[in-house]
Amino acid sequence: MRKNQFMNEFLTRETEMPLHVVHQQLKGHPHELQDMKEICLITKNEANLCTAMEYLYDNGLIAELKELIDKTKHAESEQLRKTSRIYQIMYNRKKLKAKQLKPDDPVYCIKYVNRIRLKDTDYRLLILRDLVQIYCYFDIHQYGKIGTFNEKIKQNLAHIKDPLQYQLFKSRLDETLFVFHWKRNEMILSRKYGYRLLTETNNIRKKIDIHNILAQGYLFESYEQAMNHICVAIEIAEQLGVERAIYGLKNYTLAFIAAYYKQTEGISSQDMAERAHIALAENDIDTCVRILEDFETLSPFQQYYLGLAKQDKHLLRTSYQRFIEERDDYFYAKLPLEALNTLDE
1 MRKNQFMNEF
11 LTRETEMPLH
21 VVHQQLKGHP
31 HELQDMKEIC
41 LITKNEANLC
51 TAMEYLYDNG
61 LIAELKELID
71 KTKHAESEQL
81 RKTSRIYQIM
91 YNRKKLKAKQ
101 LKPDDPVYCI
111 KYVNRIRLKD
121 TDYRLLILRD
131 LVQIYCYFDI
141 HQYGKIGTFN
151 EKIKQNLAHI
161 KDPLQYQLFK
171 SRLDETLFVF
181 HWKRNEMILS
191 RKYGYRLLTE
201 TNNIRKKIDI
211 HNILAQGYLF
221 ESYEQAMNHI
231 CVAIEIAEQL
241 GVERAIYGLK
251 NYTLAFIAAY
261 YKQTEGISSQ
271 DMAERAHIAL
281 AENDIDTCVR
291 ILEDFETLSP
301 FQQYYLGLAK
311 QDKHLLRTSY
321 QRFIEERDDY
331 FYAKLPLEAL
341 NTLDE
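In the numbering used here, the protein residues as written are 1 to 345.
Calculated directly from the structure, the hints in this document are not laboratory data.
Bear in mind the structure is a predicted one, so any value in this text is a computation, not a measurement.
Each residue gets a CB set at the ideal place from its N, CA and C atoms; glycine is no exception.
Treat each hint with caution, since some may be false.
Here are the simulated DSS-like pairs of lysine-lysine, each with C-alpha atoms no more than 25 Å apart in a straight line [said to hold, decoys possible]: (1) K94 <-> K111; (2) K95 <-> K154; (3) K37 <-> K170; (4) K152 <-> K170; (5) K27 <-> K37.
Distance ranges between label pairs, derived from CB positions [what the hints assert, rightly or not]: (6) E78 <-> E282: 57 to 67 Å; (7) D120 <-> H74: 20 to 30 Å; (8) C231 <-> H314: 34 to 44 Å; (9) D284 <-> K170: 43 to 53 Å.
Can you make the complete structure from the sequences, with help from the hints?
Given below as structure tokens:
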């Protein structure tokens with residue numbers, strides 16, 4: 001371990017410095033992230049441990065986060081044990097198989113965090129619980145729920161006195177607002193949060209997700225902008241060797257944008273629905289219909305593809321209604337609406 005001035009001071013003081021003080025001193029230092037990581041792993045103070053878990057999570061230091069979870073899950077402090085349990089859920093969400101796009105059983109995770117008894121004054125834990133719920137409702141496409149939790153997080157954030165905790169939670173809130181405004185089709189607001197996150201985050205993996213959403217957000221406006229963001233996301237994912245991100249970006253977002261704009265040369269997908277979408281873009285209607293009619297049930301996206309292939313207004317209207325009623329997804333509801341308007345011309 002490198003023993004620079006700050007590390008020595010932290011290790012030798014009788015009482016641990018608050019982590020936010022250490023962070024302020026290390027800010028801008030060439031080895032800021034490395035030193036903060038090491039301090040997070042050696043801290044023993046309860047308040048520092050809670051902040052450390054959030055710092056490690058926010059910076060994508062997932063293996064180190066697991067170390068702290070294991071270190072605190074049997075702590076004497078009830079608050080620390082509860083904190084550890086919630087971060088365990090967050091950790092589990094990050095440990096997925098290469099071709100697994102969504103975590104297992106988000107409904108169970110919602111029930112699990114809601115069984116953790118919290119007081120109205122447990123502001124930090126309440127924020128963490130609501131963040132887990134936001135992520136889980138996103139996984140099951142219940143985007144309308146996100147707004148309620150965003151408001152609760154804003155209210156509880158006002159009670160967070162620790163400057164570093166506040167900063168880290170504020171960044172997480174910005175992420176959820178980025179997604180929420182995208183699904184509400186409020187693109188100016190969504191991009192405001194997205195571009196702010198890109199400039200502020202040191203988490204390279206997080207930048208993959210941000211570019212992925214920005215790419216989708218430009219779907220109806222600019223092929224060039226959409227492709228620029230998805231290509232940047234793929235480039236970062238390949239540099240980091242993040243297999244799951246590479247798989248999702250290439251087989252879903254890239255394939256989807258390319259098919260929407262009918263720019264499919266050299267584009268393929270392992271996902272059958274996106275294969276149908278690519279076939280539709282290439283005017284191979286029979287292949288598109290054959291693939292989709294083999295599905296037992298259709299998502300709103302797949303219903304849109306089939307409705308477009310068959311020029312079926314009923315399917316397109318149903319797709320539109322499902323995007324709105326089942327998902328509160330006003331952004332992608334524009335797909336069948338756009339197709340209906342074209343058929344009516």
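Consistency of the hints with the structure:
{"no.": "1", "hint": "K94 <-> K111", "in the structure": "19 Å, holds"}
{"no.": "2", "hint": "K95 <-> K154", "in the structure": "28 Å, violated"}
{"no.": "3", "hint": "K37 <-> K170", "in the structure": "20 Å, holds"}
{"no.": "4", "hint": "K152 <-> K170", "in the structure": "13 Å, holds"}
{"no.": "5", "hint": "K27 <-> K37", "in the structure": "13 Å, holds"}
{"no.": "6", "hint": "E78 <-> E282: 57 to 67 Å", "in the structure": "60 Å, holds"}
{"no.": "7", "hint": "D120 <-> H74: 20 to 30 Å", "in the structure": "27 Å, holds"}
{"no.": "8", "hint": "C231 <-> H314: 34 to 44 Å", "in the structure": "37 Å, holds"}
{"no.": "9", "hint": "D284 <-> K170: 43 to 53 Å", "in the structure": "48 Å, holds"}
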